[in-house]
Amino acid sequence: KNQVEQSPQSLIILEGKNCTLQCNYTVSPFSNLRWYKQDTGRGPVSLTIMTFSENTKSNGRYTATLDADTKQSSLHITASQLSDSASYICVVSAYGGSQGNLIFGKGTKLSVKP
Amino acid sequence: DAGITQSPRYKITETGRQVTLMCHQTWSHSYMFWYRQDLGHGLRLIYYSAAADITDKGEVPDGYVVSRSKTENFPLTLESATRSQTSVYFCASSEFGTSVDTQYFGPGTRLTVL
Chain A
1 KNQVEQSPQS
11 LIILEGKNCT
21 LQCNYTVSPF
31 SNLRWYKQDT
41 GRGPVSLTIM
51 TFSENTKSNG
61 RYTATLDADT
71 KQSSLHITAS
81 QLSDSASYIC
91 VVSAYGGSQG
101 NLIFGKGTKL
111 SVKP
Chain B
115 DAGITQSPRY
125 KITETGRQVT
135 LMCHQTWSHS
145 YMFWYRQDLG
155 HGLRLIYYSA
165 AADITDKGEV
175 PDGYVVSRSK
185 TENFPLTLES
195 ATRSQTSVYF
205 CASSEFGTSV
215 DTQYFGPGTR
225 LTVL
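Note that the protein sequences, when read in sequence, are chains A and B. Residue numbers for the first sequence follow our numbering, so the first one is 1 and each next one is one higher. Residue numbers for the second sequence follow our numbering, so the first one is 115 and each next one is one higher.
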């Protein structure tokens with residue numbers, strides 16, 4: 001069964017610190033992986049998307065990595081800010097699939113404290 | 115630039131009542147989606163539409179009805195609301211609906227069924 005598992009479920013860090021969120025998937029055949037940021041009370045917003053041939057992609061202080069061999073991805077946040085407090089959702093798409101069958105992780109809730 | 119909007123933002127109803135959640139997008143995107151988000155489940159697809167008058171079931175369609183007579187609107191109707199349909203509902207749209215296409219989410223509707 002295609003699944004996406006995220007860890008940790010929640011994380012608290014101090015402002016200015018770095019953190020890394022994990023995403024493991026069993027989706028096959030793999031097409032692409034996307035990270036979304038969801039602020040409290042709002043809809044998710046896309047941060048990055050990576051296809052199987054990409055290892056790293058950055059978006060400002062956010063850097064996503066992908067290891068298609070081990071089926072793992074990580075989202076690294078550098079020099080965290082209070083505005084980074086949000087849930088981060090990993091979404092995987094199977095090759096040949098449409099957006100009607102994306103596989104969503106349950107998300108990691110990040111709290112950045114001053 | 116309105117983007118994608120949902121109404122109402124909050125709704126309280128009683129078991130057995132019919133409820134319609136509205137979704138409107140100004141981009142003329144072909145694809146539109148309805149998700150529900152519950153604690154412990156992440157986002158789950160209810161229905162999606164590839165174009166006007168074309169709709170398809172997602173992972174959890176039971177108890178819901180959709181229609182799409184115009185490209186920009188995609189209403190979701192709960193024909194006879196149940197307590198298990200208490201959730202936050204998100205509408206999303208994407209231009210082409212391919213696996214690499216970005217989905218843009220609305221702000222959500224928080225529905226409580228008493």
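Hints were generated in silico from the structure; no laboratory data involved. Please note that the accuracy of each hint is not assured.
[Said to hold, decoys possible] Here's a subset of chain B near chain A, in silico, CB distances under 8 Å, partners left out:
| # | residue |
| --- | --- |
| 1 | L157 |
| 2 | A165 |
| 3 | Q217 |
[To be verified] Partial pick of chain B residues on the chain A-facing surface, computed with a CB cut under 8 Å:
| # | residue |
| --- | --- |
| 4 | W141 |
| 5 | Y162 |
| 6 | D215 |
| 7 | G222 |
For glycine and all other residues, C-beta sits at the position ideal for the given N, C-alpha and C.
Going down the list of hints, with the structure as the test:
Against a cut-off of 8 Å between C-beta atoms, the interface hint on B/L157 holds, since the closest Cβ of chain A lies about 5 Å away. Taking 8 Å as the C-beta contact cut-off toward chain A, the hint placing B/A165 at the interface is violated, the least distance being around 13 Å. The beta carbon of B/Q217 comes within 6 Å of a beta carbon in chain A, closer than 8 Å, and the hint placing it at the interface holds. Hint on B/W141 is violated. Least Cβ distance to chain A is approximately 15 Å, over the 8 Å limit.
The criterion of a C-beta within 8 Å of any C-beta in chain A is met by B/Y162, whose closest approach is roughly 5 Å, and the hint holds. This hint holds: B/D215 has a C-beta 7 Å from the nearest C-beta of chain A, less than the 8 Å allowed. The interface hint given for B/G222 is met, as the beta carbon of that residue sits about 6 Å from the closest beta carbon of chain A, less than 8 Å.
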